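Visitor: Between the sequences and the hints, there should be enough to build the whole structure, so can you do that?
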Amino acid sequence: MVNSLRSSSEMFPIDYSKMPFCQPARQEFKEESIGEIIWGDRMLNSLYTVRMKEDVKCMALPDCDFIANTETIRRKESKNLTKMINKWYRVYMNIDNLPVFSTNPESTQMSECAKKLGKDVKIYAQRGFPLGVPAKCTSDRAALLNNHLDFTIHYNHDSQTTRTTAEEERRYIVVFIDVKARSIAWSDSLECNSQMKVAPEVLAPMRGLKMKNVTQNKATVYWTYSVKWKENPNVKWATRWDFYLTAAAAAAPAGHILFIILSLMVVLFIGSAVMGVLLRALHKDFNRYNSEDPEDLQEEVGWKLVHADVFRPPLYANWLAIFVANGVQILTTVGVVLIIALMGFLSPSRRGALLTTMLLTAVFTSLISGYVCGVLLQYLNCRAWKNIFTCSFTLPGAMLLIYIFILIINKAHGATTAIPWINQPIFICVFWPSVPLVVVVIELYYIMQDLWEGQIYYSFGFLTVTACIWVLVCALVTISCLYYVLCYENHRWWWIAYLVPGGAGVHMFCMSLIFFMSHVSVSSFASAVLFFSYMGMVSYMYGMAAGAVGVIVSIVFVRRIYGSIKID
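So the sequence shown is numbered by the working numbering: it starts at 2 and just counts up by one.
No lab work stands behind these hints: they were computed from the structure.
One or more hints might be untrue.
[As the list claims (entries may be wrong)] In silico DMTMM-like pairs for lysine to aspartate or glutamate, Cα to Cα no more than 25 Å straight-line: (1) Lys84 with Asp16; (2) Lys237 with Asp141; (3) Lys237 with Asp189; (4) Lys31 with Asp42.
None of these values were measured; they are calculated from a predicted model.
Guide: Structure, rendered in structure tokens:
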């Protein structure tokens with residue numbers, strides 16, 4: 002089955018059925034889950050046919066009117082097809098529910114060209130195959146159309162049968178599919194046959210199919226393919242997805258382990274500072290504030306002096322409660338999804354399962370959001386029913402508005418005075434939020450890299466450990482900042498507790514800007530708008546989740562320290 006066409010230079014997945022390819026007379030679309038629909042997958046049948054253990058030296062696509070198809074390309078789709086080739090579009094395909102990969106992209110003409118152009122050449126396998134060779138990669142500046150596919154299908158014996166079983170009774174399983182796309186200007190459809198003496202891989206470098214020749218009616222597009230079956234006894238059915246899960250850059254465990262160790266060192270450093278400095282200072286404060294010596298009482302300074310104001314509700318208390326509640330919903334959703342993934346229920350063979358699970362979990366965790374919002378509103382003495390109503394629409398409403406904006410773009414293209422400097426808002430919003438982000442920056446980089454390059458991210462174990470470290474660092478950083486804020490007799494701590502970790506949403510968006518400039522090569526303004534719209538949604542939810550951690554930890558911390566001293 003064939004899937005959408007995608008490019009690392011464009012954010013618009015293109016429907017295969019709307020492309021000028023030879024297609025079956027009766028198109029059968031696979032039923033998609035909500036996750037697949039949102040992600041842009043569109044699976045349908047194709048004319049490429051393979052039979053178990055039957056090699057095909059060269060074959061033209063059956064039931065294809067090549068003359069009419071070439072005329073359609075020449076008159077209607079030539080410019081669009083050439084533009085897509087020059088934008089490095091790749092065709093995604095599946096065989097036996099396994100994605101087709103190009104395992105040696107550096108050997109292709111495109112990758113050699115990418116090196117010369119200074120583009121980021123991937124040394125790992127890439128999903129799908131290139132639609133063609135861009136014009137900038139050829140000597141005469143003519144784009145080439147990849148019209149021939151060489152499939153190498155790895156198979157193994159089904160574990161339920163043995164090698165002693167009769168050949169006709171033995172069953173086989175597909176464990177991996179490799180494809181190499183080539184551009185060949187065939188003289189006619191009969192030139193590609195089982196008796197041909199010159200292999201397609203030999204013809205391709207000498208007879209590339211130039212798009213300008215197709216446009217000028219000097220060449221006919223013959224869609225062909227070959228199939229080679231290769232036995233691979235080392236890969237079993239249960240482990241056939243292992244290659245796909247380790248093909249992406251994010252799958253390398255060394256980078257994850259190294260950064261987790263560095264993150265743990267950050268936690269130990271911050272934890273040591275909190276335990277060694279903050280607890281010692283608090284113990285000294287407790288002894289001084291609880292002392293009955295009149296001389297000590299006359300010298301009272303610090304956070305005790307604001308005990309009468311510290312529990313006063315802040316300005317816009319209702320919005321603080323709403324943001325915290327939505328942050329708790331996001332945290333709970335991520336936690337539940339990580340647990341489900343760690344238990345092995347999110348198989349990569351079920352495309353769209355991760356996104357579908359996240360959406361369904363977010364619906365159910367809205368109950369938790371409503372409960373937390375109600376508790377905080379009562380605690381802050383904001384009991385208007387409209388606040389609960391607003392809470393239920395803040396997160397999904399913001400996501401819906403951004404998503405509608407994204408859909409519109411896709412449709413058009415077919416597809417954040419006296420107080421010392423440590424207490425200044427700029428310092429609080431810029432410095433403190435950067436600490437939790439440092440802990441997850443590498444994991445975020447891996448996720449973004451796989452996300453925008455169409456790879457499969459499946460490092461949920463490392464992601465769970467990183468998420469736990471992130472929550473701990475958010476709590477430690479918030480407590481450390483909050484103590485110094487109170488020591489400077491500033492009782493307006495509520496929004497500070499939210500912004501200290503929550504301000505990292507802005508930092509994350511800035512990180513996505515850096516990633517965009519260094520790793521994403523888009524060729525249109527609309528693609529850039531889509532990229533930043535999606536990253537804006539993620540940064541918004543990241544900031545809300547971090548802010549929720551900060552406020553909850555701060556409430557516990559403030560109640561604990563003020564409950565430990567004697568108030569006159």
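Visitor: Next pair to validate is Lys237 with Asp189; report whether the Cα-Cα distance is within 25 Å.
Guide: 41 Å, violated
Visitor: Take the C-alpha atoms of Lys31 and Asp42, compute the straight-line distance between them, and say whether it is at most 25 Å.
Guide: 10 Å, holds
Visitor: Lys237 and Asp141 were given as a pair; does the straight-line alpha-carbon distance stay at or below 25 Å?
Guide: Violated, because 46 Å separates the two Cα atoms, which is more than 25 Å.
Visitor: Is Lys84 within 25 Å of Asp16, Cα to Cα?
Guide: Holds - the C-alpha atoms of Asp16 and Lys84 are around 16 Å apart, at most 25 Å.
When each numbered hint is compared with the structure, violations occur for hints 2 and 3.
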